[in-house]
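Engineer: Listed below are the residues making up each chain.
Protein chains: 2
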Amino acid sequence: MNVEERPVVGIDLGGTKIHVAAVDAEGAILSSARARTPLGGGPEPVIHEMAELIGVVVKGSGAELKDFSAISIGVPGAVDEEEGVVEWAPNLEWRQVPLERLLQAALGHPLPVFLGNDVDVAVLGEHSYGCGRGTSDLLGVFVGTGIGGGIIIDGALHSGARHAAGEVGHVILKKGGPRCRCGNRGCAEALASRTAMERQVKALIKKGRSSIVPDLLSRSGTPRLTSSVIARALAKNDKVMTRVFRRAQRNLGLLVASLINVLDPEMVVIGGGLCERLGEQMVGRIRQVAHAHLLLKERLDQVKIEPTLLRDRAAPLGAAVLARQRLLVEGARRGPPGPEIEVPRH
Amino acid sequence: MNVEERPVVGIDLGGTKIHVAAVDAEGAILSSARARTPLGGGPEPVIHEMAELIGVVVKGSGAELKDFSAISIGVPGAVDEEEGVVEWAPNLEWRQVPLERLLQAALGHPLPVFLGNDVDVAVLGEHSYGCGRGTSDLLGVFVGTGIGGGIIIDGALHSGARHAAGEVGHVILKKGGPRCRCGNRGCAEALASRTAMERQVKALIKKGRSSIVPDLLSRSGTPRLTSSVIARALAKNDKVMTRVFRRAQRNLGLLVASLINVLDPEMVVIGGGLCERLGEQMVGRIRQVAHAHLLLKERLDQVKIEPTLLRDRAAPLGAAVLARQRLLVEGARRGPPGPEIEVPRH
Numbered sequence: 001m002n003v004e005e006r007p008v009v010g011i012d013l014g015g016t017k018i019h020v021a022a023v024d025a026e027g028a029i030l031s032s033a034r035a036r037t038p039l040g041g042g043p044e045p046v047i048h049e050m051a052e053l054i055g056v057v058v059k060g061s062g063a064e065l066k067d068f069s070a071i072s073i074g075v076p077g078a079v080d081e082e083e084g085v086v087e088w089a090p091n092l093e094w095r096q097v098p099l100e101r102l103l104q105a106a107l108g109h110p111l112p113v114f115l116g117n118d119v120d121v122a123v124l125g126e127h128s129y130g131c132g133r134g135t136s137d138l139l140g141v142f143v144g145t146g147i148g149g150g151i152i153i154d155g156a157l158h159s160g161a162r163h164a165a166g167e168v169g170h171v172i173l174k175k176g177g178p179r180c181r182c183g184n185r186g187c188a189e190a191l192a193s194r195t196a197m198e199r200q201v202k203a204l205i206k207k208g209r210s211s212i213v214p215d216l217l218s219r220s221g222t223p224r225l226t227s228s229v230i231a232r233a234l235a236k237n238d239k240v241m242t243r244v245f246r247r248a249q250r251n252l253g254l255l256v257a258s259l260i261n262v263l264d265p266e267m268v269v270i271g272g273g274l275c276e277r278l279g280e281q282m283v284g285r286i287r288q289v290a291h292a293h294l295l296l297k298e299r300l301d302q303v304k305i306e307p308t309l310l311r312d313r314a315a316p317l318g319a320a321v322l323a324r325q326r327l328l329v330e331g332a333r334r335g336p337p338g339p340e341i342e343v344p345r346h
Numbered sequence: 001m002n003v004e005e006r007p008v009v010g011i012d013l014g015g016t017k018i019h020v021a022a023v024d025a026e027g028a029i030l031s032s033a034r035a036r037t038p039l040g041g042g043p044e045p046v047i048h049e050m051a052e053l054i055g056v057v058v059k060g061s062g063a064e065l066k067d068f069s070a071i072s073i074g075v076p077g078a079v080d081e082e083e084g085v086v087e088w089a090p091n092l093e094w095r096q097v098p099l100e101r102l103l104q105a106a107l108g109h110p111l112p113v114f115l116g117n118d119v120d121v122a123v124l125g126e127h128s129y130g131c132g133r134g135t136s137d138l139l140g141v142f143v144g145t146g147i148g149g150g151i152i153i154d155g156a157l158h159s160g161a162r163h164a165a166g167e168v169g170h171v172i173l174k175k176g177g178p179r180c181r182c183g184n185r186g187c188a189e190a191l192a193s194r195t196a197m198e199r200q201v202k203a204l205i206k207k208g209r210s211s212i213v214p215d216l217l218s219r220s221g222t223p224r225l226t227s228s229v230i231a232r233a234l235a236k237n238d239k240v241m242t243r244v245f246r247r248a249q250r251n252l253g254l255l256v257a258s259l260i261n262v263l264d265p266e267m268v269v270i271g272g273g274l275c276e277r278l279g280e281q282m283v284g285r286i287r288q289v290a291h292a293h294l295l296l297k298e299r300l301d302q303v304k305i306e307p308t309l310l311r312d313r314a315a316p317l318g319a320a321v322l323a324r325q326r327l328l329v330e331g332a333r334r335g336p337p338g339p340e341i342e343v344p345r346h
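For the record, the sequence lines run as chains A and V. With the first letter of the first sequence counted as 1, position 216 gets the number 216 in the working numbering; the numbers rise by one all the way through. With the first letter of the second sequence counted as 1, position 152 gets the number 152 in the working numbering; the numbers rise by one all the way through.
Hints should not be assumed to be uniformly reliable.
[Claimed, not checked] Non-contacting residues of chain A with respect to chain V, defined by C-beta distances greater than 10 Å in every case (computed): (1) Arg6; (2) Glu49; (3) Asp67; (4) Ala105.
[Claimed, not checked] Cβ-to-Cβ under 8 Å is the rule here; a few derived chain A residues that face chain V: (5) Leu92; (6) Ile153; (7) His158; (8) Ala161; (9) Gly166; (10) Glu167; (11) Lys174; (12) Lys175; (13) Ser258; (14) Leu259; (15) Val262; (16) Val289; (17) His293; (18) Asp301; (19) Gln302.
[As the list claims (entries may be wrong)] Covered stretches of chain A (in silico footprint by chain V; criterion: 3 or more residues with CB under 8 Å from a CB of chain V, positions within the stretch not fixed): (20) 205-219; (21) 264-271.
Don't read these hints as lab results, they were simulated from the structure. Everything numeric in this text was worked out from a predicted model, so none of it was measured. Glycine is no exception: its CB is placed at the ideal position from the N, C-alpha and C atoms.
So that you can see chain A by itself, here it is in the shape it has in the complex (with noise of 0.2 Å):
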């Protein structure tokens, strides 16, 4: 079988959950596994995780490990593709960890790794077998913890001069504003993340507002302020949750008529868990906003603002296309196999 032709794993490493998938040529999955992500403990049992799943899907689709082409990354975090490196990922706690290195040697294999920005290829996961299959040009903006973006240009990803290209979540909307994690004020993600969300609630309620979320937190077994938390908050017409909610959607419009005004998209795809969970709901007001806030009003009808269709598959997906796309790249440099030299029977 061609390179082309055989399976390939892709991956999403998140800072709360691995999850990984075999995935044909055509883009079907054909077995996945997910674990939560072991943190505190550095890359080792990530590491170490992965291989295990790797092994579950791969034995799963009915193969094994050499029939697979490649194994596709989305690191939630910068990395140096050429070195195969995670330079940052600050939701792992990791710096300068040779993932492809360490991961070839945990499976004992030196089958081709490929790292990408999770929030990359996950857009890339949307633009080949998503919502924004057949378009040339796609925005992704991803909400979570913080806001992500990746950007499709010509069909391909732009990943700028700097691999840092479509960190949308650090335009600066309201100058002055709340404090981001980056240092500065006033950021998308400072005021419509999960995070940003969460810090208002509790503002909210330390005013003495009244509210269901300490109750559902509680529940939760976490502090934090969960996708589920914030959906079943809203689904319970929390006063607090919802004005809240309206709030970072207001501020998400405003971050995509922005977006659209600088680079003109065919289409925009909103992801991220929350949107996963909330679809339309989520993605309605914030379509609303930023068609109000566009410079070219009268050609509204051409940019499409759209939840997320793969949903938590966008990112194993995309990581999959990331494989075939470096492939071909590499197979490019070898160039074309020669002719075949006829060996002279004596």
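Given chain A, work out where chain V should sit, using these hints.
Structural biologist: Coordinates of chain V only, in the frame set by chain A:
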């Protein structure tokens, strides 16, 4: 002579002046001419003036109109490239003007006429012949009565799905801030354009602050805060002008940081009349503020922020670049010339 070797006419059609240049295949200006844009009489006198200036530079280059391969125009607004129509140019008060056809009629010659946005062509000029030479990804931010931008990715202009990319003046920097002419609040243009500076200077003077600006304005014969009035007031250390200018620089720095966080270009070139005049005096503080607000601060040295090198030649030279690109595309569409058919002799 091949089409690629023949000179082209590059035109900067501005709301204040028209600048026409005969440009050879290496980007050298053979001859140029300028005139005030005759406003208030619709397209006809403007097109008549352009035709006159074209005659002057063609003659000045020592050639004839038929020796040129194309005319190419940077227009201050939105154009339909395919149809050769100016869709909307607010400073000229034009809507749906078939400029290609009208100019060909005025010239009495069917030379191809190409249209592009004025900022886009200026960025093309800086990319081919100016400070952006050799870069792959370049962002241009042009500050005038408005704020416009142009984006070059992988060496080519990124025009977007609706030919509307690069509207960097309508990134929202200060949610709820001053009203912009686009109808929104807090756009970069409403905070840092020359129009915004004019409004801020007048507001401070109305509050009783002492300034030499009113005196400079009455001597300049226009109520508009032109680049030359700003430069003269700054040179005299006028407190009001200095305060307003520094605030604009800070806002431009925040805008540039936001755009670098999204696009991650190799270089940002700052242009427009005020920057042509002030150069580093304007860009120094923009660079400082932008660098302080970048996400990847450890790779600062990889992002250059520079003042325009070509000044008012950027747009006519860039228009010439646009013409050559379009001629190449059209040539490729027509395919290579077929083999010459030998006519049998009897």
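Engineer: Confirm or reject each hint.
Structural biologist: Status of each hint after checking the structure:
1. Arg6: holds (30 Å)
2. Glu49: Non-interface label stands for Glu49 of chain A: nearest chain V Cβ at 29 Å, farther than 10 Å.
3. Asp67: Correct as stated: the minimum Cβ-Cβ distance to chain V is 35 Å, above 10 Å.
4. Ala105: At about 28 Å from chain V, Ala105 of chain A clears the 10 Å cut-off, so the statement holds.
5. Leu92: violated (18 Å)
6. Ile153: holds (6 Å)
7. His158: With Cβ-Cβ at 6 Å, under 8 Å, it holds.
8. Ala161: Holds. Min distance 4 Å.
9. Gly166: holds (7 Å)
10. Glu167: Since chain V brings a Cβ to about 4 Å from Glu167 of chain A, closer than 8 Å, the hint holds.
11. Lys174: Holds, about 5 Å.
12. Lys175: Since the shortest Cβ distance to chain V is 5 Å, the answer is holds.
13. Ser258: This interface hint holds because 4 Å falls under the 8 Å limit.
14. Leu259: holds (7 Å)
15. Val262: Interface hint status for Val262 of chain A: holds (6 Å vs cutoff 8 Å).
16. Val289: violated (11 Å)
17. His293: holds (5 Å)
18. Asp301: Violated. Min distance 10 Å.
19. Gln302: Holds. Min distance 5 Å.
20. 205-219: This one is violated; 0 residues, fewer than the three required, reach chain V with a Cβ under 8 Å.
21. 264-271: Since three or more residues must qualify, the claim that chain V covers the region 264-271 of chain A holds, with 3 doing so at under 8 Å.
Hints 5, 16, 18, 20 from the list above are not met by this structure, while the remaining hints are.
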